[in-house]
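Enquirer: Sequence:
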Amino acid sequence: MGKLLQAVVLDGYTLNPGDLDWKPLESTVNLTVFDRTPAHQVIERAAPADIIILNKVRIGEAELKQLPDLKAIFILATGYDNVDIKAAAKRHIPVHNVSGYSTESVAQHVFALIFALTNKVELHHQSVQAGKWSQSPDFSYTLAPIPELAGKKLGILGFGKIGKRVAEIGQAFEMEILVTRRSLRHDRIPGVNFVDQQELFAQSDILSLHIPLTDQTNGIVNKANLGTMKKGAILINTGRGGLIIDQDLKEALESGQIAGAALDVLREEPPAVDHILLGVANCLITPHIAWAGFASRKRLLEETAINISAYLKGTPRNQVNE
Numbered sequence: 022m023g024k025l026l027q028a029v030v031l032d033g034y035t036l037n038p039g040d041l042d043w044k045p046l047e048s049t050v051n052l053t054v055f056d057r058t059p060a061h062q063v064i065e066r067a068a069p070a071d072i073i074i075l076n077k078v079r080i081g082e083a084e085l086k087q088l089p090d091l092k093a094i095f096i097l098a099t100g101y102d103n104v105d106i107k108a109a110a111k112r113h114i115p116v117h118n119v120s121g122y123s124t125e126s127v128a129q130h131v132f133a134l135i136f137a138l139t140n141k142v143e144l145h146h147q148s149v150q151a152g153k154w155s156q157s158p159d160f161s162y163t164l165a166p167i168p169e170l171a172g173k174k175l176g177i178l179g180f181g182k183i184g185k186r187v188a189e190i191g192q193a194f195e196m197e198i199l200v201t202r203r204s205l206r207h208d209r210i211p212g213v214n215f216v217d218q219q220e221l222f223a224q225s226d227i228l229s230l231h232i233p234l235t236d237q238t239n240g241i242v243n244k245a246n247l248g249t250m251k252k253g254a255i256l257i258n259t260g261r262g263g264l265i266i267d268q269d270l271k272e273a274l275e276s277g278q279i280a281g282a283a284l285d286v287l288r289e290e291p292p293a294v295d296h297i298l299l300g301v302a303n304c305l306i307t308p309h310i311a312w313a314g315f316a317s318r319k320r321l322l323e324e325t326a327i328n329i330s331a332y333l334k335g336t337p338r339n340q341v342n343e
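FYI, this note's numbering numbers position 122 of the sequence shown as 143, with every residue one higher than the one before it.
Watch out, some of these pointers could steer you wrong.
As the list claims (entries may be wrong) - The calculated lysine-lysine pairs, modelled on DSS-like cross-linking and capped at a C-alpha distance of 27 Å, are:
no., residue 1, residue 2
1, 174, 185
2, 244, 174
3, 185, 86
4, 44, 319
5, 92, 44
6, 107, 86
7, 334, 319
8, 252, 271
9, 185, 77
10, 251, 271
11, 244, 92
12, 182, 77
13, 185, 153
14, 141, 153
15, 251, 77
Hints were generated in silico from the structure; no laboratory data involved.
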């Protein structure tokens with residue numbers, strides 16, 4: 022067996038905070054793991070490596086110029102907007118991602134967010150803990166209307182693996198599924214209605230975002246599109262924070278243009294303590310956890326090891342900059 026290539030994980034903590042084993046990667050490369058790497062230490066830590074493994078660390082053209090010995094990049098995620106894949110391709114550096122590892126986890130979180138907004142579980146729990154049920158003259162009370170999902174229009178912007186899984190779950194709740202996707206194909210899928218983007222924003226009772234962040238999709242949820250949404254509509258984002266113009270969403274929520282939003286991602290992560298969406302009453306925010314179920318993270322680590330092994334054998338898989 023030849024000498025193992027040197028590989029460095031630049032930000033491994035979110036993938037493995039201690040409950041997983043790095044052995045799948047250690048069996049393919051000589052591995053060094055850093056929990057986190059600030060921008061000013063990226064070059065220092067990456068320079069000795071043949072292979073960089075990262076999640077959200079940014080690698081642009083400036084960094085690539087300073088890493089002449091770099092052979093490949095492996096992303097611990099599906100999205101790869103933090104890596105300049107065109108600049109990497111110019112230097113013949115393949116970039117690989119992992120798709121499909123978090124489909125179930127993210128789809129599950131989409132509905133956790135939907136239920137949090139529609140069923141107001143936390144609001145009622147806090148009321149009970151505060152003694153309100155004990156003081157109530159009735160066996161039951163509600164603090165806000167609780168809508169049924171059945172018959173509601175679930176809009177899905179982006180119809181990849183996660184979008185399709187969200188549609189399937191929505192169908193189980195007897196929701197009407199509306200989909201807008203980049204492809205011009207209009208496959209006949211039972212129970213799925215393909216509409217244009219304008220119709221999607223205007224007709225959806227619940228709109229869930231599942232498109233990648235690109236120059237074209239950056240800020241797609243803006244004042245103009247929010248202004249076409251139903252007054253009682255809610256927005257779910259488990260995709261990328263940059264899809265939303267934060268100020269426009271804040272105004273839409275506070276004015277009652279839409280009823281609520283639940284976000285697992287923000288344009289700036291982690292957010293500043295004075296981020297404009299923090300504290301908005303009808304905006305629920307979770308700290309980018311949709312992908313982070315144990316099974317999902319374990320699958321991601323194992324699939325990354327398979328990606329590296331395939332690359333070393335000369336049969337690359339999941340390369341995003343061919």
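Enquirer: Sort out whether residue 153 lies within 27 Å of residue 141, counting only the CA atoms.
Expert: At roughly 15 Å apart (the allowed maximum being 27 Å), residue 153 and residue 141 satisfy the hint.
Enquirer: Can the restraint linking residue 334 and residue 319 be considered satisfied, given a maximum Cα separation of 27 Å?
Expert: 23 Å, holds
Enquirer: Does the structure keep residue 251 and residue 271 at a Cα separation of 27 Å or less?
Expert: This hinted pair holds, its Cα atoms lying about 16 Å apart.
Enquirer: What's the verdict on residue 244 and residue 92, does the C-alpha distance respect the 27 Å limit or exceed it?
Expert: 43 Å, violated
Enquirer: If you draw a straight line from the CA of residue 107 to the CA of residue 86, is it 27 Å or shorter?
Expert: Status holds; Cα separation ~13 Å.
Enquirer: Between the alpha carbons of residue 92 and residue 44, is the straight-line distance 27 Å or under?
Expert: 22 Å, holds
Enquirer: Between residue 44 and residue 319, does the CA-CA distance stay at or below 27 Å?
Expert: Roughly 11 Å between the alpha carbons, so the hint for residue 44 and residue 319 holds.
Enquirer: Please verify whether residue 185 and residue 153 have alpha carbons no more than 27 Å apart.
Expert: Distance of about 41 Å is beyond 27 Å: violated.
Enquirer: Against the 27 Å threshold, does the CA-CA distance of residue 185 and residue 77 hold or violate the hint?
Expert: Distance ~25 Å between residue 185 and residue 77 Cα, so the pair holds.
Enquirer: Given the hinted pair residue 252 and residue 271, is their alpha-carbon gap at most 27 Å?
Expert: Between residue 252 and residue 271 the Cα gap is close to 14 Å, so the pair holds against 27 Å.
Enquirer: Check the hint pairing residue 251 with residue 77 against an upper bound of 27 Å on the C-alpha distance.
Expert: 35 Å, violated
Enquirer: Can the restraint linking residue 174 and residue 185 be considered satisfied, given a maximum Cα separation of 27 Å?
Expert: 15 Å, holds
Hints 3, 11, 13 and 15 from the list above are not met by this structure, while the remaining hints are.
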